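Protein sequences, first through last, are from chains P, F, Z and L.
Take the first sequence: its letter number 107 is residue 107 in our numbering, and every next letter is one higher.
Take the second sequence: its letter number 193 is residue 1193 in our numbering, and every next letter is one higher.
Take the third sequence: its letter number 343 is residue 2343 in our numbering, and every next letter is one higher.
Take the fourth sequence: its letter number 30 is residue 3030 in our numbering, and every next letter is one higher.
Heads up, a few of these hints could be off.
Straight line, CA to CA, 25 Å or less: simulated BS3-like cross-link-like pairs of lysine-lysine [said to hold, decoys possible]:
1. L:K3002 x L:K3227
2. Z:K2156 x L:K3109
3. F:K1201 x P:K66
4. Z:K2007 x L:K3124
5. Z:K2007 x L:K3077
6. Z:K2153 x L:K3071
7. L:K3003 x P:K51
8. L:K3320 x L:K3002
9. L:K3003 x L:K3227
10. L:K3227 x L:K3124
11. Z:K2007 x Z:K2077
12. L:K3196 x Z:K2153
13. Z:K2007 x L:K3002
14. P:K85 x F:K1173
15. L:K3077 x Z:K2153
16. Z:K2007 x Z:K2153
17. F:K1087 x P:K85
18. F:K1173 x F:K1087
19. Z:K2156 x L:K3273
20. Z:K2227 x Z:K2077
21. L:K3227 x P:K66
22. L:K3003 x Z:K2007
23. P:K85 x P:K51
24. Z:K2227 x Z:K2156
Keep in mind the hints are simulated off the structure, nothing from the lab.
Just so we're clear, the structure is a prediction, and the values are computed from it rather than from any experiment.
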Amino acid sequence: MRKRHILFIGLLAALLMALLFSFHAGTEGEAPASQAAQAAAVDSSSCVYPKEYMHTHHMQVLEDWKNTAAHEGPDAVHETADGRKLQKNLSTCLACHGSNRYFCFSCHAYANAQPNCWNCHISPLETP
Amino acid sequence: MMKNDRREFIRKAGMGLLAGMGAASGLLTGGGFERTTSAAWAAVPGEEGLRWGMLFDTRRCPEGCTLCIESCHHTHNVPDIASLEGKIEWMHKENGRELLGSLCASTAAVPALCNHCAEPSCARACPTGSIFRRTDGIVAIDYHRCVGCRSCMQSCPYGEVSFNWSDPRAALKNPTVEYPTRQRGVVEKCNFCSDRLVRGKKPSCVEACPEGAISFGNLNDPSSEIRRLLESSETLQRKPELGTRPSVFYII
Amino acid sequence: MIEQALKGRRNYRIWSLALLVVAAGGVYASALQSADGFVHTGMGNNAIWGLYHAQLPFLASIAAASLAILVPGTLQKHSFLASLAPLAAFLGATASAMSLFFIAADLGMQRRILTLLLNPSPGAPASWQVPLLLLFLALTLTVGWAQVGAMRKGVKPPVWIRSAVMVAIPAGIALPVISAFTLAVVPGSELWTSALLAPRLMASGVAAGAGIMLLMAVTAEQLAGFKAGEETLERLAAVGAWAGLVFLALTGLDAATAMLGNMTADTAALALLYGNSPFAVVSWFALFSGTLSTGLLLVPSLRRSFIAAASLGSLLALSVWLQSGLTLILAGQLKDASAAAGYAPAVPELLLTAGIWAGAVLLMTVLLKITASAQLEREGL
Amino acid sequence: MKKVFIPLIMVALLALIPYVAVTYANMSYLFGVIIPYAAAFIFVAGFLWRLFDWLRRPVPFPIVTTCGQEKSLDWVKQNHLESPSTRFGAAVRVLSEVLFFRSLFRNTKAELHTGPELVYASSKWLWMGGLAFHWSLLIIGLRHARFFFLEPPAFIAALEHADSFLELTLPAFFMTDAIVLAALTFLVARRIRDAKLRIISLQTDFFPLFLIGGIVLAGMGMRYLEKVDILSIKALMMGLVSFSFEAPGEIGALFFVHLFLVSMLAIYFPFSKLMHAGAIFLSPTRNLANNSREKLHRNPWNKPGKFRTYAEYEDEFREKMKKAGLPVEKD
């Protein structure tokens, strides 16, 4: 009886180890996050908000633009801190960031975040 | 009877309706019922500022020419679906008599699009406010909010709202990158090129017309070209008797 | 009390399993639809609304009709309808739940369903539908549940039931009115833009609701030993008969106005409904069966026979379902006879519709079973 | 009320520690690498030790709890689910308890009504709340796989897709987030509202609830309100599961609150009531088959007894018995 219990515990431990090593195997040959981010870097000195803010909060900016753009029509204008006025539109973003086709995708793929923007908007990856 | 497209019928139905009403009120012979004067838009008190309007001079519209439609559909990524059941159109050409009623002498095809009504019945039916009238008079759709209940489509008396029954991207061969497509499950219609207006451009149909048959401008500005044309010529609207006050006019 | 739903005799298990299978078919169809959209349905530019939307006016009217039993059954002292009050509450709950499912099934963007609550446009009648249905569902379900619970415990129902029912009254009455107004905002659809549509829906709902309740009560009586009382059932049948009469009268008035006034567009719409469209057969059948069942329910001896009353009530309900549901929506949106041929429901559409109905019948069966066993348990003590 | 507030304050303090340490003392290495490793080690070792400890205890009696007809004569219908007589049946019973909380489904509540009448009515609230809470936690846990896998398994992606069915917010809103918060609120309110439950509740009942609540709030805060750098988080997590000791990048402090609270939960887990997660599988009242009439259950600590049969007795005293005139079986 006692032996069976030890076997049980051993099996459980072995399973855990196997699981951990499977994680390990999955991470090999993986580029660190900073590299993924750098691959996408463009000149972001003149974005609508500071780069650091956009890095973490771009989805909120996009959500605000998405919710107001249609209803405010031509009045849906975003004014940046330095006084530039930009139409709230995804194409405003893509006017700069579209130059790097992988700008959105490298990080989003790494973080496994799939936004539904590209259901309608034509993504830079789809353009020839 | 030949099998008709429903929307085509809605367009034709104006004639039947008018005939019925005309018979009842004796207005048909009088003729003034459908003819619009400048009073149709200017007499509404308290309405100032911008109200975009469009005028087709169908006398200059060549038979068989579809350049305006092609340009519109290409600019806005309108999918090219062959079946009548699933067809999506922002602009199309129809028999003028069927479109505008018996006052239209010619049966030649004239262009038609969303009328951007001042009293849009589609906006009154939409349960989420996704289709609404902007301050510049354009009836716009918020594709991010539309739930796809098709109430607007049902209540548009002109049949100018289309629904994406299937994935529109599949039927799109050469998309315009600058303008988004729509996704399956939302409605769509002409937006009076609000995307181009904001960049200071004229609507793509106006630009595409080689004959200059389409005028576009502010209906509330007495000095605009469209007002000048409206005041100097006799124009027609589609189904004005419904009280929707369309912003699209026709010179026959 | 839920545990009562999980045990039962062989017939109950087979019946529930069969309903579950049909409901599973609905789940499959809905998966198909959410993967590929409405291409799997018969809807298109010819028929903008199809089978899903066609259920809504009927279900709204049934939900409202449950008040006709629920209100006297709970608010009046010594009401002869008291024994039927939980059944009525559950009928209202089931009808509103079904409505919500059909509204969801009919959306092109189902993932945005909460937009209907978060971004309502109060000027549009349709935006009131979902909030009111949710409210009515919550109220009727809790009222019915509390009543059955009290019955099982052999105590008086809690006092708050009365307030809940009072709140449910305006909500329930608003349901068919709003349903009628969502159709009335469509200009040029003469079958829909009638001021009589709302009262017609209400009367038809009471008729059909009484019919369905007769069927429910008699079935529960035969199979589960539920006791509603002979007099109660007879009066219920009378309510159905009178409501049926009002419904037929209102329908006739609408038609007569169109004909006598020679209103071209209105008569054209009627001609579509009863004349030159594939729906004409259905319309005539509905009219005939409605008249027949209403007429026979007016005969006292037939009302007193459980089986006769239940079958006539079901026929009346079927007639109303066809008239204020299917043909009203499907024929109402047609503009001419040739367009009528454009709509034929596709298989996944039928599957999903049948699935929602099966789910609702299952829900109703379970609620009936719980009610009947609560009553039996009390008597067994 | 002391027993409610002390755990609450403890959780608040626990949340404050990493926040202050990371924001003002730049101790992200400690909170991002060392403590998580230590917590994971304590969790695994503690969990296994507790299981082993339970497993080595002998079970002197078959004390299976039943509430149905046990296996009897052929014409008596056995309730296979409630009173299983095979190991397989017992396993099904344990699983139905683990997956559907069947014992809570049977809860009843006594109510005193005017009359005076005492009635027992079924009460499913705890069952519903518990089910919602545990299932949401499971789904939320599985969803986190996207931080540990370069490409999460397909079923987890599907789960995530289903969980974010409602298009509400732009980092897609997860329904389980709302459900787990509602369930937690219910579970806490249940213990506070009812006087009977309040009396039997201890600090150790409230502490894990508040701790998990803190974890959920910190997690939701990061997702919906105070954003953090998700790429650095993923890099850190991928590093942790591959036993790397690389320092974390610039991540918002809220993440360290979340991670630290999870670490605390992991450390607390093996030594608390939370071990019910493992214990439910080893509970003899659940995992034994009800077959005490078929099989002799031997108490493992009993030595094999020395018995003397009557035959042996007679063999020894036969002659004397014969002499005394007593009857014998064998001559």
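(request) Would you mind confirming whether the straight-line C-alpha gap from K1173 (chain F) to K1087 (chain F) stays at or under 25 Å? (result) Distance ~16 Å between K1173 (chain F) and K1087 (chain F) Cα, so the pair holds.
(request) Decide if the proposed pair is consistent with the structure: K2156 (chain Z) and K3109 (chain L), CA atoms, cutoff 25 Å inclusive. (result) Status holds; Cα separation ~17 Å.
(request) For the pair we were handed, K3227 (chain L) and K3124 (chain L), check the Cα-Cα distance against 25 Å. (result) Violated - the C-alpha atoms of K3124 (chain L) and K3227 (chain L) are around 38 Å apart, more than 25 Å.
(message) Hinted pair, alpha-carbon criterion (25 Å max): K2007 (chain Z), K2153 (chain Z). Please report holds or violated.
(response) holds (20 Å)
(request) Decide if the proposed pair is consistent with the structure: K3227 (chain L) and K66 (chain P), CA atoms, cutoff 25 Å inclusive. (result) Holds: K3227 (chain L) and K66 (chain P) sit about 19 Å apart, inside 25 Å.
(request) Would you mind confirming whether the straight-line C-alpha gap from K2007 (chain Z) to K3077 (chain L) stays at or under 25 Å? (result) With Cα atoms ~15 Å apart, K2007 (chain Z) and K3077 (chain L) stay inside 25 Å; holds.
(request) Take a quick look at whether K2156 (chain Z) and K3273 (chain L) sit within 25 Å of each other, Cα to Cα. (result) Outside the cut-off at roughly 41 Å; violated.
(message) Hinted pair, alpha-carbon criterion (25 Å max): K85 (chain P), K51 (chain P). Please report holds or violated.
(response) holds (18 Å)
(message) For K2007 (chain Z) and K3002 (chain L), compute the direct alpha-carbon distance and say whether it is at most 25 Å.
(response) At roughly 45 Å apart (the allowed maximum being 25 Å), K3002 (chain L) and K2007 (chain Z) break the hint.
(message) Hint check: K3077 (chain L) vs K2153 (chain Z), CA-CA at most 25 Å. Holds or violated?
(response) Violated - the C-alpha atoms of K2153 (chain Z) and K3077 (chain L) are around 30 Å apart, more than 25 Å.
(message) Does K3071 (chain L) sit within 25 Å of K2153 (chain Z), going by the straight-line distance between their CA atoms?
(response) violated (33 Å)
(message) Can you confirm whether the C-alpha distance between K3196 (chain L) and K2153 (chain Z) stays at or below 25 Å?
(response) holds (22 Å)
Going through the hint list in order, the structure does not satisfy hints 1, 6, 7, 8, 9, 10, 11, 13, 14, 15, 17, 19, 22.
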